[in-house]
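Here are the chains, one letter per residue:
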Amino acid sequence: MADMSQSTPTREASPAPSSKPPLRIFRNLNAKLAATPMILTALVIFVGCSVWTIVYSFTNSRLLPKTNFVGFDQYERLWSTKRWMIAVENVAIYGILSLIFTMIIGFFLATLLDRKIRFEDTFRTIFLYPFALSFIVTGLVWQWILNPEFGVQKIVRSLGWESFTFDPLFNAEIVIYGILIAGLWQGTGLVMVIMLAGLRGIPEDIWKAAKVDGIGTAKTYTHIILPMMKPVLVTALVLISAGIVKVYDLVVAQTAGGPGIASDVPAKYVYDSLFQRQNLGQGFAASTMMLVMVVIILIPYFYLQYGGKKAK
Amino acid sequence: MDQIVNPSISIKNLDLSFGAVEVLKNLNLDIADGEFVVLLGSSGCGKSTLLNCIAGLLDVSDGEIHISGKNVTWEEPSQRGIGMVFQSYALYPQMTVEGNLTFGLRNARVPKDEIAARVEKAAKILQIEPLLKRKPAALSGGQRQRVAIGRALVRDVDVFLFDEPLSNLDAKLRADLRVEIKQLHQQLGNTMIYVTHDQIEAMTLADRIAIMLNGNVLQFASPYEIYNHPANKYVATFIGSPTMNFIEGSVHGGKFDSALGTHSLDGYDFTTPSPDGPAWLGIRPEHMATGDEAANKPIQLEGRVEFVEPLGSDTLTRVTVGDQHMWVRMDGQAQVKIGEMIPIGFSATQAHLFDTTTEERL
Amino acid sequence: MSTATQSPAKTPRGPKPKRAFSPANIMIYGTLFVVSIYYLLPLYVMVMTSLKDMTEVRMGNIFSPPVEITFEPWVKAWAEACTGINCDGLSRGFWNSVRILIPSVVVSIAVASVSGYALSFWRFKGSELFFNILIVGAFIPYQIMLYPIVIILRELGVYGTLTGLVMVHTIFGMPILTLLFRNYFASVPEELFKAARVDGAGFWGIYVQIMLPMSLPIFVVAIILQVTGIWNDFLFGVVFTKPDIYPMTVQLNNIVNSVQGVKEYNVNMAATLLTGMVPLVIYFVSGKLFVRGIAAGAVKG
Numbered sequence: 000m001a002d003m004s005q006s007t008p009t010r011e012a013s014p015a016p017s018s019k020p021p022l023r024i025f026r027n028l029n030a031k032l033a034a035t036p037m038i039l040t041a042l043v044i045f046v047g048c049s050v051w052t053i054v055y056s057f058t059n060s061r062l063l064p065k066t067n068f069v070g071f072d073q074y075e076r077l078w079s080t081k082r083w084m085i086a087v088e089n090v091a092i093y094g095i096l097s098l099i100f101t102m103i104i105g106f107f108l109a110t111l112l113d114r115k116i117r118f119e120d121t122f123r124t125i126f127l128y129p130f131a132l133s134f135i136v137t138g139l140v141w142q143w144i145l146n147p148e149f150g151v152q153k154i155v156r157s158l159g160w161e162s163f164t165f166d167p168l169f170n171a172e173i174v175i176y177g178i179l180i181a182g183l184w185q186g187t188g189l190v191m192v193i194m195l196a197g198l199r200g201i202p203e204d205i206w207k208a209a210k211v212d213g214i215g216t217a218k219t220y221t222h223i224i225l226p227m228m229k230p231v232l233v234t235a236l237v238l239i240s241a242g243i244v245k246v247y248d249l250v251v252a253q254t255a256g257g258p259g260i261a262s263d264v265p266a267k268y269v270y271d272s273l274f275q276r277q278n279l280g281q282g283f284a285a286s287t288m289m290l291v292m293v294v295i296i297l298i299p300y301f302y303l304q305y306g307g308k309k310a311k
Numbered sequence: 000m001d002q003i004v005n006p007s008i009s010i011k012n013l014d015l016s017f018g019a020v021e022v023l024k025n026l027n028l029d030i031a032d033g034e035f036v037v038l039l040g041s042s043g044c045g046k047s048t049l050l051n052c053i054a055g056l057l058d059v060s061d062g063e064i065h066i067s068g069k070n071v072t073w074e075e076p077s078q079r080g081i082g083m084v085f086q087s088y089a090l091y092p093q094m095t096v097e098g099n100l101t102f103g104l105r106n107a108r109v110p111k112d113e114i115a116a117r118v119e120k121a122a123k124i125l126q127i128e129p130l131l132k133r134k135p136a137a138l139s140g141g142q143r144q145r146v147a148i149g150r151a152l153v154r155d156v157d158v159f160l161f162d163e164p165l166s167n168l169d170a171k172l173r174a175d176l177r178v179e180i181k182q183l184h185q186q187l188g189n190t191m192i193y194v195t196h197d198q199i200e201a202m203t204l205a206d207r208i209a210i211m212l213n214g215n216v217l218q219f220a221s222p223y224e225i226y227n228h229p230a231n232k233y234v235a236t237f238i239g240s241p242t243m244n245f246i247e248g249s250v251h252g253g254k255f256d257s258a259l260g261t262h263s264l265d266g267y268d269f270t271t272p273s274p275d276g277p278a279w280l281g282i283r284p285e286h287m288a289t290g291d292e293a294a295n296k297p298i299q300l301e302g303r304v305e306f307v308e309p310l311g312s313d314t315l316t317r318v319t320v321g322d323q324h325m326w327v328r329m330d331g332q333a334q335v336k337i338g339e340m341i342p343i344g345f346s347a348t349q350a351h352l353f354d355t356t357t358e359e360r361l
Numbered sequence: 000m001s002t003a004t005q006s007p008a009k010t011p012r013g014p015k016p017k018r019a020f021s022p023a024n025i026m027i028y029g030t031l032f033v034v035s036i037y038y039l040l041p042l043y044v045m046v047m048t049s050l051k052d053m054t055e056v057r058m059g060n061i062f063s064p065p066v067e068i069t070f071e072p073w074v075k076a077w078a079e080a081c082t083g084i085n086c087d088g089l090s091r092g093f094w095n096s097v098r099i100l101i102p103s104v105v106v107s108i109a110v111a112s113v114s115g116y117a118l119s120f121w122r123f124k125g126s127e128l129f130f131n132i133l134i135v136g137a138f139i140p141y142q143i144m145l146y147p148i149v150i151i152l153r154e155l156g157v158y159g160t161l162t163g164l165v166m167v168h169t170i171f172g173m174p175i176l177t178l179l180f181r182n183y184f185a186s187v188p189e190e191l192f193k194a195a196r197v198d199g200a201g202f203w204g205i206y207v208q209i210m211l212p213m214s215l216p217i218f219v220v221a222i223i224l225q226v227t228g229i230w231n232d233f234l235f236g237v238v239f240t241k242p243d244i245y246p247m248t249v250q251l252n253n254i255v256n257s258v259q260g261v262k263e264y265n266v267n268m269a270a271t272l273l274t275g276m277v278p279l280v281i282y283f284v285s286g287k288l289f290v291r292g293i294a295a296g297a298v299k300g
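Residue numbers (numbering that gives the first Met the number 0), protein chains in the order written: chain D, 0 to 311; chain G, 0 to 361; chain X, 0 to 300.
Don't read these hints as lab results, they were simulated from the structure.
Cβ atoms here follow ideal geometry from the backbone N, Cα and C, with glycine treated the same way.
Some hints here could point you the wrong way.
Have a look at the derived ranges for each label pair, beta carbon to beta carbon [said to hold, decoys possible]:
| hint | chain 1 | residue 1 | chain 2 | residue 2 | range |
| --- | --- | --- | --- | --- | --- |
| 1 | X | Ile68 | D | Lys115 | 36 to 42 angstroms |
| 2 | X | Arg12 | D | Val155 | 52 to 58 angstroms |
| 3 | D | Val155 | X | Arg153 | 36 to 42 angstroms |
Given the sequences, and given the hints that come with them, work out the whole structure.
Structure (structure tokens):
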């Protein structure tokens, strides 16, 4: 104790609480240093880069970014481009269907696995393994399965149904459904696992109460359990939605946007504008529109989160 | 209370707020060397916060903290000369008992043989020598808390801080360890500050108890004083189980008027010269006499039994007097029937009077 | 069973008779079985196709097993498949991916775990705000940040290099990993941290000596998350690297979707399987930890 009081004579002498406290910036200095990468990422990349792109989306930059502001010209051009309209339409169809099917299939599979069945781990492993694979691998394998010369179409025809046609990847009208099949195969397992975690979080007493009240299993799931899982459902919804807007790899691998431009999506439109067609302004405007889409999706999410807290 | 010349711990005008929430308000406390002080209060009263401030785990908003004569307000916890024991034991799970005991000393670069000597001594005092090579997961709750105490012990400090150390243990073990902590204090003679919400722990362990509410110390006195002369209605209610009975009325010229009649307060030691006005009269259930004894008491009432809780050693009886419910602690052998009318008596010397508005003792 | 010995007239007594094949069970297992086939089919098709030679691929259908098993496509995919003028197979992409993977995983986890630790125990003014920006940032489409990042990397002189890509993976891995670690450290009792401070350990001392040893499981979860995520990345690989260090996914796509030459479907499928092999092995080996990783990232988020 003795040497300690010697080592801090100034503090010992400080009598009144009104004397200056240690400098604020240096308090917790290590923590601030350690968090620097996080702060830089948040401010420079997530905020800074996004704002930069939004600002430059109002310029007529082509090969290089220029500060020649042209107002909403890029956006007007964007929304009058057929290719962009197709891309938006595709992502809308893909998004809505993928949301509906992933949620339904994911919940359905989760309830099946929740029934205290045997081989639960095996089934779960089977349903989830596609999620471990990249969209490139997913796209390529479904490209092969849906190949009309060798895949499903050929097999059905060889079974005797000669006029059977199922060539989504070569038919501009239905190509997005071909991509949807692959997307569902890859993504439903994730939603199932999230839903299953949600189901397992429901207290056992709820089931006992439902049983005592004589409510059937299916009805318990739809009327009691599902409403209780609201936070999990919202999370799953947000995860799927955020993923949908970013869909890129899958399309590149499975169809490369074809046939023609029939399976183009906004993410691909942005990439091509920025790095293939030297049309930076269009790329910036299109990516800003992607951000707007995400914001539109996220607003109800925050509303639901906020509303959920208020209800408690 | 202010007569302590060289306080071991001295807290001066301490303020702590989190944003707009004031947790501690202009708090002053002087603790003598070697004293065992218990900070008692219900959850949210600021007792653990105060302990964390003393330990240096929370930065104060204003005020000073002195430990062993040194202003430690801005010191790191490890530099304050304190050892701390936590409710959840807070043992480092991946280290052995020995590793847990020596971690602080190794950080302070204490020489190896010194460390060994201190560990040996602490382990002997706490009888945890056979456990030194084990991991915390392989210990029982009581053993873990012993190791946690040992971790404070090896630091060889003047002040021990206990943050509800027994709350995670079952009732039997809690009683045993309570005795051990008391013995440890007698053996070591260190200053100890002990936070709890359990009034039995507080009454049995403390030299002095500080009863806290909303960041203020309501009363800082010996257990005897707190029980017999509670400074206000809150303290009176907080200590004692079942809680004190209260009759609303008014003091008027040495008499107490209420719906139950007018009773003389002869023998009551007033703390204020002019006590007249609206007041609560409080009387502890154990100070209410029944049966023949009641007849010998200066203040007499009659109550209808509505509820009986036989505890074996005692019988707790709830009675209605007028329109008022009261608890009465009776002998364990007492036989009372629901609906029966029983005589109740007590004397003013054992009663407590509190001002209705300020709730301060009269 | 007991149903045979007990006539229904008797009062119910003892264990309630259960039927092993109740309609409900048949429905549950039947459905699970059929759905399993849908999920397993692509894997089966990949394996079968990759073991056939091209004549058999053209003759048969994609579901039929190979008449004659050949490993030729695998060899070709690994060592001879062409991307542009290079014909040294996917092995190059594989090693590129390994070279990208190891530093990216190490750096991203090191940075994020320290951030998560600081956010849990050493909050400072604004730390929660930065964290919230980080989490909201995870939902911003990457596309909007791509070009400015290219500029930043070019200014730093690391555009198109391994270092640049490692930085990008560290940046975009940060939200989920920081969340993962923050949530984990939040579950560590605060008293443990307080005890360590009383024992005189500082920021790094507590991290290295107390927190690291007790958080190995969460590190494994983070590693699984990052290895699969980075291995499967395509977009960052194609934007931020040059052809000589293209990761495996990019090279795979270039091989399979190249318009020149005759399509060798068996080689393509072997290449696809080779690329999917690393995450699949991790998935099957890690089992429940993989599930825990995505659940931790998803449910708590």
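Hints and how they fare:
{"no.": "1", "hint": "X:Ile68 x D:Lys115: 36 to 42 angstroms", "result": "holds, 41 angstroms"}
{"no.": "2", "hint": "X:Arg12 x D:Val155: 52 to 58 angstroms", "result": "holds, 57 angstroms"}
{"no.": "3", "hint": "D:Val155 x X:Arg153: 36 to 42 angstroms", "result": "violated, 52 angstroms"}
Of the numbered hints given earlier, the model fails hint 3 alone.
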